[in-house]
Structures are given as C-alpha cells and as structure tokens.
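Listed below are the residues making up each chain.
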Amino acid sequence: MNEALFTANNLWILVATILVFIMHLGFASLESGFVRRKNTVNILFKNSMIIAIGLLTYFICGFNLMYPGETATGFFGFAGFGLSLPDGDAGGIAYADGAYAYYTDFIFQAMFAATGATIVSGAVAERIKLNSFLVFTIIFVALIYPIAGMWKWGGGWLDARGFYDFAGSTLVHSVGGWGALACIMVLGPRKGKYTSKGIQAIPGHSMPLATLGVFLLWFGWFGFNGGSVLSADPMGVSLVFVTTSLAAAGGAVGAFFTSYAMFKSHDLSMVLNGILGGLVGITAGADLMSPMASIIIGLIAGIIIPLSVVFFDRTLKLDDPVGATSVHLVCGIWGTLAVGIFGSMAGGGQFITQLIGVLAYGVFTFVLSYLLITVIKAAMGVRVTEEEEIKGLDLAEHDMEAYTM
Amino acid sequence: MNEALFTANNLWILVATILVFIMHLGFASLESGFVRRKNTVNILFKNSMIIAIGLLTYFICGFNLMYPGETATGFFGFAGFGLSLPDGDAGGIAYADGAYAYYTDFIFQAMFAATGATIVSGAVAERIKLNSFLVFTIIFVALIYPIAGMWKWGGGWLDARGFYDFAGSTLVHSVGGWGALACIMVLGPRKGKYTSKGIQAIPGHSMPLATLGVFLLWFGWFGFNGGSVLSADPMGVSLVFVTTSLAAAGGAVGAFFTSYAMFKSHDLSMVLNGILGGLVGITAGADLMSPMASIIIGLIAGIIIPLSVVFFDRTLKLDDPVGATSVHLVCGIWGTLAVGIFGSMAGGGQFITQLIGVLAYGVFTFVLSYLLITVIKAAMGVRVTEEEEIKGLDLAEHDMEAYTM
Amino acid sequence: MNEALFTANNLWILVATILVFIMHLGFASLESGFVRRKNTVNILFKNSMIIAIGLLTYFICGFNLMYPGETATGFFGFAGFGLSLPDGDAGGIAYADGAYAYYTDFIFQAMFAATGATIVSGAVAERIKLNSFLVFTIIFVALIYPIAGMWKWGGGWLDARGFYDFAGSTLVHSVGGWGALACIMVLGPRKGKYTSKGIQAIPGHSMPLATLGVFLLWFGWFGFNGGSVLSADPMGVSLVFVTTSLAAAGGAVGAFFTSYAMFKSHDLSMVLNGILGGLVGITAGADLMSPMASIIIGLIAGIIIPLSVVFFDRTLKLDDPVGATSVHLVCGIWGTLAVGIFGSMAGGGQFITQLIGVLAYGVFTFVLSYLLITVIKAAMGVRVTEEEEIKGLDLAEHDMEAYTM
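The listed protein sequences derive, respectively, from chains A, B and C. When the letters of the first sequence are read in order and numbered with the working numbering, they come out as residues 26 to 430. When the letters of the second sequence are read in order and numbered with the working numbering, they come out as residues 26 to 430. When the letters of the third sequence are read in order and numbered with the working numbering, they come out as residues 26 to 430.
One chain only, chain A, in its complex shape:
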C-alpha cells in the first residue's frame, strides 16, 4: 500500500460521505412533498434536527457501540465515549490498511446513522408531537441503530453466522422501517384517513419536491452503496454503480406497469417509490449481483411497491403518508433475501441465513421501538391534539407557515 493509493481510496470514502449527507436533503424533500402544505415546516424542521442529532449521538456513543473493536461480544460491545484518534500514524494509512483514515471511517458511518430516523420521520408525519419524536430519534440513533448494526458490521453474531448485507438493506432500511412500523401502530392514522365513508387518499402538496427528493436520494445512493466498498477499488465500485443504477431503473419500470394495471393511471408517486424500492432492494447485494440480476431485483421491488402500499393502506389500515414501510421495510427484506436467491451467494443455506438475519433484526428493532414509543407516549404524549392536527403542525408547533402568498 502506498500513499497515493491510500489518498485515492480515502478520497472516495470522503466523497461518498458527502453523497450520503445529501440524502438527508433527499428525504426532507421527498417527505415534505408527500405531506400536506400545513405540515411542511414540521417535516423540514424534523429532518434538519435529525441530521444534527445523528452526528452528535454518533460522536458521543454510536460509533463506539457499532464498531466496539476488541470489546465486542456477539451481541454488544462499547469502546467508550467520544472519538479516540489512534496515536501517531495509526489513524492514517495503517488504520484500515490504506483504505481510509480514522476520521473518514467515523464521518462516513455517522452520515449513515441518522438515515434510520429519517425513515421513521416520513411515516409518522402530520400527527406526531415534535418533542416526542425528537426524543425517540435520539434514543433510536444513539442506541438501537448502532447496537443492531454491530451484529453484522461490527463483527457480531450475525457476521459470524455468514449473514450478508453489503450496504444496509436490512441494517439501515429495514431497521428504519421496523421503527416506522412500530411508531405508526402506536400513533394511529391521521384524522380523516379511515372514515365511515371509506379510506380517503390524502395527496401530498408538491410533486416537484417529492421528485427532487427521489433524484437526490438516487444521487446519494452512489455514495451509500459505492462508498460501502470501503475503498476506491475500480472493479468493485464500478460494478456497484452499474447494479445500483440498473436496479433503480428496473424499479421504475416495475412500478410503472404494476401501478398502471392496478389504477389505470400513470401514478408519479408509485414510480418514484418504485425507484426507491429498487435502490433499497439492491443495497444488500450491490457488490455481488450481475447487471441482469440487478434489473430483476429492481423490477420485482418496483412490482412490490404498489402492492405493498395498498396492503398497508387498505388491508392493515396502517397510515404511512410517504410509503416508508413499503419502500424501506418491505423492499429491504426483499433485497436481503435476494442475496440468497441471485448472484454469487445464492443457495439454500444462504437463504436461510438471510432469513434469520431479517427476523433477528425485525424482532429486536420492532420490539424495542414499540416499547420506546409506548414509554414516550405514557411519559409525554406522542400525538398532537385533534385541534392542532386540523390546524396543521406548522402553525401548532412552529407558529409559521411554509409558504406565504
């Protein structure tokens, strides 16, 4: 390993860090586009605070919970509060054998950490109390996300078991999705969603914002998946770019046809979520799929999206304004299982292992999130008053409106 290669490798992880950062703008745009005008400031405020909370808690304890090093056991470890730059050159070329520096490792992982809470943010939109949500976020990203993440990426029991999740179909997206599911179950639907007259569609207030969000998320996903190669290896990163892009394209096409068949119209929100579903789906195996397998994985994710959205909305009557559970939870599970079906790790044993990982993350995250939001509900309340909900959270919580005439 020489200095030039170390510099190029490290540079890529830093660029990937920037790309994952901008996904937070993507989520903010997408979620605010999909909610009503009267709750827009609230979403923007939450997502601005989430990235701040994510970075600070990951600095305080998250990084050392997720990557506990020698303190790791199968399920838990903790390397201490704050950061500890290794002495001398040990934080540089020697830190990861020339792949990235110590601080690069921290900041790249820190940008990931808050995404889980952002996924929850969209699902609980338009009715959750701001402070209750922020308390949930702090605990979710400070403790639940990194401890769960350690099981695989920190060298825990699922890593030892052979579970595979390249960039986080399960560790990031499903974990966020399970948190979202727990919260919307406790929180209940928005007023006026499920009425005696039937299920009401509540359209989002700005399709340009939602579209901007999806393109920014795809943009950032090149860093999310590409950076997860954890070096600038030309063959590795370029394959990930190809699989990621083709899966997103497949997701668009899958959602295009499925939603047209179901609704007889060209539903932009379904195509946008189809793209995201394809991206979530490829994330677990983006480094080991062929281009053709990527298209199939994305296509199936795109087909899943409208079916899953209708299933959550009409069958389960769980109100998720942005479709976060379908995109992140359902397609996250699909992508994780797809590692056992397609590509270089396909096989019955691997499929079982993938299923064990999916279930383990599901039980752990869902149960803890459900407990957490239930405790918060008992302690400080979790839902705005009916009057505030009708008025809108922007006026109720922020005393301002998103737009003036």
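The hints are simulated quantities; they were obtained by calculation from the structure and are not laboratory data. Heads up, a few of these hints could be off.
A pair holds if it fits inside one copy or across any two, identical chains being indistinguishable in the list.
Derived DSS-like pairs: lysine-lysine, alpha-carbon spacing no greater than 30 Å straight-line [claimed, not checked]:
id : residue 1 : residue 2
1  : Lys216    : Lys289
2  : Lys289    : Lys416
3  : Lys402    : Lys289
4  : Lys63     : Lys218
Since the structure of chain A is provided, determine the placement of chains B and C on it from the hints.
Here is chains B and C on its own, set in the frame of chain A:
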C-alpha cells in the same frame, strides 16, 4: 501505469457519472419550471421514466451499438446484446490502459445516453401523449442516438474524417435538438399559442424550479465535460473546468445584454438559457480552447439565445416551451463550428470538416426522428385531445395534480 | 511526489470546486426562500449574474490581485491581467509541489470569489436597484475582495503577522458581511418594516426553498473547507469533514434551544441559520480543532444567531431580510476569534492577532463598501421607487412573476 493512478483516474470517471446523472434532475426541474402548473406532473413523470429507459436500453443494446469495437464499419456495428465483462483483469487496469474500468465505461456512457431524449421532452411538453412519447424515447435512445454516436466516438467514418466533438455539442446536444425539432414540427403548437390575436407568451409556472434546474445542469456539466477527458489527467481536467465555467459565465452576460436590448427588461429565462447556451457551445471544444476563447464562445452563444428563441417563435412559428431547440440545437451547431474557428484546431479545413459533421448528424437524426414520430402518430396518435390539453396533462394522463392548496 | 498522488490531490481540489460552485445555488435558494414572493425572480436573477460576474472578474484581474506572487508587498500586488499558464510542465506537477495544477488553483479560488457578493445580495434584497447592485458586485469582487484576501492568503502583512484564517471565516464571510452591513445602512429598511405600530416581521415566501438552500450550503461547505486543505491529504481532509459537520450540528442544537427560550416556538429559520452560523464559525479553524472543540464552537454560533438577529432587527433597526449579517459577519468574527481560544493555536498572543485581523478586515471592507455604495447612490441611485417596491421587483425590474397559477 500503476494501480494508484488507475484508481484515481477511474474514480474521477465515476464521480463524473454521478454528476451527469444529476443533470437529469436538472432537466426535470428546468422543464417543469418552464411549463404550466397543470402539466408539471407529466414532465416529472416523463423525466423519471427517461433515465430508467436510457439506462436499460443502453444496457440491452445501446452501449454495444455506440462502441461496437471490432464489429465496426464506418456507419454501423454491433457487439451483441447486454454487457460482456472481459475475462480476468481485462476489464480492469488493462481495459483502457489504466484510465477506467469496463463497468465505469458503460455507466458513464449510459448516463449520457438518455440526455438526448430529455432534450426532446422539454420541446414537446404540454401536448404530447405520454405513451407515444415513451415509445419515441425508447427507439431514439436505443437506436438513433448510439448509431449516430458511433460515427465519431465509436470510431466511425466521421472520426476517420477528423471531425472533432470533445464532449457532444453535436453528438448529444444537436442530436437531441434535431429530434426535438422533428417532433414539434409534427406535433404542432400548443393550443392558444398562435392565435388570430397574435402570438401569446405562455409563461412557465415556477422560476425557482427553472433556476434550480440550470444550476444543477451547470453542476453536472463539470462531469459531462470534465469526465469526457476520460481520465483524471490534472492539466486536462482543470483546463476543461476553466473553459466550461467561463463559457457559462460568458453566456449569462451575452444573454443579459442582448435580451435587455431586445425586450427592455431583465429576462431571467433568457439569462438561464444563455448559461445553458454557453455550456452547450463550449462542449465540442472544451479541452482545446484558451480561457479567452471560451469566454468569446460563451458570449456569442448567449447572444444567439434570445435571437434564436424569437426566430423559432415568431418567424418559424415553432412552439418550443423551454427553448430546447435554441439551447441544444443552435448552440450545439455553433459550438461544433467554433472548433474550426478558435483554439488549437482552428483552420479552414477543420471548419469544413466540422460543417460536414453538423450536416451529417442533422440529416440522419432529423430524418429518422421525423419518420419515427410520423409512424407513431399514424399508429397510436401523438397528441392529447384538445379537451385534455385544456384540462392539463396532469389530470388527463396522471389523475393527480402537482400541488395541492 | 509522484503522478498518481498529484492526480488524486488535484482531483480533490476539482471536486471541491464543484462543491463550492453549488453553494451559489444554495445561496440563491436560501435567499429566495426568505424573501417575499414578489421579489423572487429578482434574487434568482442577481445570483445567476453574481456567479458569472465573479468568474469573469476573477479571470480578468481578481486572481492576480489576490495571489500576486513576486509583485506582492504587504498590502498590494498585481501580477497582470488574465491568466498566464506557466510554461511547459510548470503549471502541472511542479506548480504547487504536486498538490494541484495551475488551472485548478484558479478555478477553485474563482468559485470562492463570488460568494462575498452573494452574501450582500441577501441582505439588500427586496429594495435595491438591480443595475446598482450589479455595479457594486463587479467592483466588490473585482477589487475589494481580492485585495483584502491578499493580506492573508496572498502572503501579505497579516500572513506575516501570524493571523490565522483557514478557509475564510473572515476573508470570505466577514468580508461579505461587512459589505452587507455597509449596504443596508445606506439603503435603509424595507417599506413597512419599521412602522409607527412597531417592528413588523416579514416572513419569507417558501420554507422548502430556504431549507434546500441550507442543505446545499452545508453540502458545498465540504468543498469550501475540505478543499482549503489544498491537497487530498487523508488525515487533513477527514479531520476537516468531522469538524465542519459537528460544528453545523452544534449550531442547529444551539439555535434550537436559544430560539425556543426566546420565542417559545420551534423556529425553522433560526435552526437553519444556526446551522449556517456553525459552519461559518468553524471555517477559520476547521483544520486545527478537535471534534469536541468544534461542537462547542458550533453550539456557541447557534446560540449567537437568534440573539444577533434580534439585536440587528430590534436594537439597531437594520433590516436584513435573510440574516446575512448575523450568520456571516457575527459568526465569522466569532470563528476567527475562536482560533485564539480553542485548539492547537489557542493563546493570548494569537487571540490578539486574530482580533487585529478582524478589525483590519472590518475597517478596510466596511469603509470601502460604504464609500462605494454611497458613490453609486449619488451616481445612479440605489433604491427602487416606493411604487416599485410595493409592486415587487419581479414586475418592476423583470416584467415577470416567479409563479403563475
């Protein structure tokens, strides 16, 4: 060539790929800002599908049509369906002498492929049938763009002839512009544009969206032109950054003064299109112009924009809602000819060669596009009904609105 | 120094250039979100022209005023008009000992140059005459910014004196802030701001645009600060990423609590400006602070923001629609002084030196800007008529509206 240099080179082409990707968001924003509110979802939907179609068709056949390798003759070649990663290390450091890997080559070129169709998308906005447009797009990006591109970048007859087009003033922008021209001729103007009371201006619905689009396009152009160096060569890429930026700045200034002289007001849409005109204009010779020549090329492109927009609108009575023909076709021709006027390739012989290239691409693309859209018109119709046009394509084709109150 | 390391280093400065470029979109979005609907086109138009003017004037004279090389004395130097690529390889690997190429140096610095004028743009919004502002901008970025910048970054007297300003808390942000302060003093407040009925809040027209702007600015700041390492040194750049991100997060949290204590509501615009304040605050010492010191610097900047906004608005009665003076001037001063308080350069002597630098830049920039805007006022007027202000600058200056129904 060593591994570190290969890694740095390849990394730049991957970053450039991401930048070209985000140009699709730039086009989506620009075009939706320049159309009426009632047709916004339609533009966003089209542009979301275009990138998906572009990536998939380029995977299926486009890449191997545009770069047919040993199967190339002067005008046509085809290396087979799908991708074929060369055996062993031949897709890595050996693939392009350490400049980029095989998959990097594919994904960078794939991001270019769909831009041509996006250019068409803006010109035909507010009246084309969605499915007819998508069929046009599939054939345009799967066959017309790559076959035309092969003539120069794939080693065809125009490359042998000495034609020069560094990053695609002609191969991308004029090709898209000729396609747009053919389509708007067949399609006809929007209802209410050319009336017995004279020519009506139909202002776009959101200048912030349009401005966002232009800045994102400029942002992406660093990858479009900078990546076309096809390595991270410091002298080469840095010169391209300088020429690209100065031409865009020149375009803004040229359009500022010309549009003020013509309209006695400071027309934001002209300055925005002036920036784009400068960028399109420098694209053919961004690697071989001096900074001063770049400013002149951009300035002239900026002067051309308002003149050309008025010429298309008032003289030819061709209705182009976003000015795509002026920006991409006219400035694309200007930039291609400028290679024979300025810089290190200036000269009478080169000018003639550039002119031959411009004409060849014009005839090929315009004729095929005209035939294609005419066939589509006969087979499935090409224009929405008058009632649908008045109602807006968002409600007619998508059963949804871009904004809710 | 070998070619591969040179290539990686240079690549990072080019990527940083792109990131600083997109900050101009960040400013355009932020400022247009914070003004009223009727003045939106005007802001977008100004910011589109500022980047063009900045690039062209920096090419014509700015670069050679700021980095005059051998012609430098303590206060002034000029290496001639235009660019002069050194002969042969002297503009390449030899130019900066393998850190970046000549053209890279120019274009990275050129992107910085226009930011000062953009800061002014927001403060004077909604009442300044367009042409008067553009004349101010040309002189400010062509002469005031580069001559002031030379004192430190061009090897002038403050550099010799030991003044420290890593990436421009003072040289960019305070300089822009002093210019803004001078202009709003001469210009006076917007009609209806300070009335016999008291001070009126004039809310911005689009919080999504403002939020988009802040996230894009943070995104670009990775290049602004990270590129100021002036190489891709892994330890240096990764530390800057960490300090920059944590200071922004600290700024959000500081503004969250302070504004809640002051206003009893969750004010999104304060949190957004708190993030920016944290970023401005860390900029002077981003390369030499510990993560913990960065959080404290950001937190204090975030606390400063609502206090400073209220101080300017209610105590000084200086009308600054976007809070540019609080963010860029006040937090710029704070960040510059913080270098003498925290981190590896803390100490009484350094604190005095920092203070001298702050004062020197303040006096020079404020006095010249005040003179300049006063001369412009006498020569061509500086403020639109009352009628135009009420009508809005979009119709008055541009004959168009930002949005149509």
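Right, here's what the structure says about each hint:
1. Lys216 / Lys289: both (28 Å within a copy, 26 Å between copies)
2. Lys289 / Lys416: between (34 Å within a copy, 18 Å between copies)
3. Lys402 / Lys289: Between. Shortest inter-copy distance 22 Å satisfies the 30 Å Cα cut-off; intra-copy 41 Å does not.
4. Lys63 / Lys218: both (16 Å within a copy, 26 Å between copies)
Hint violations for this structure: none, all hints satisfied.
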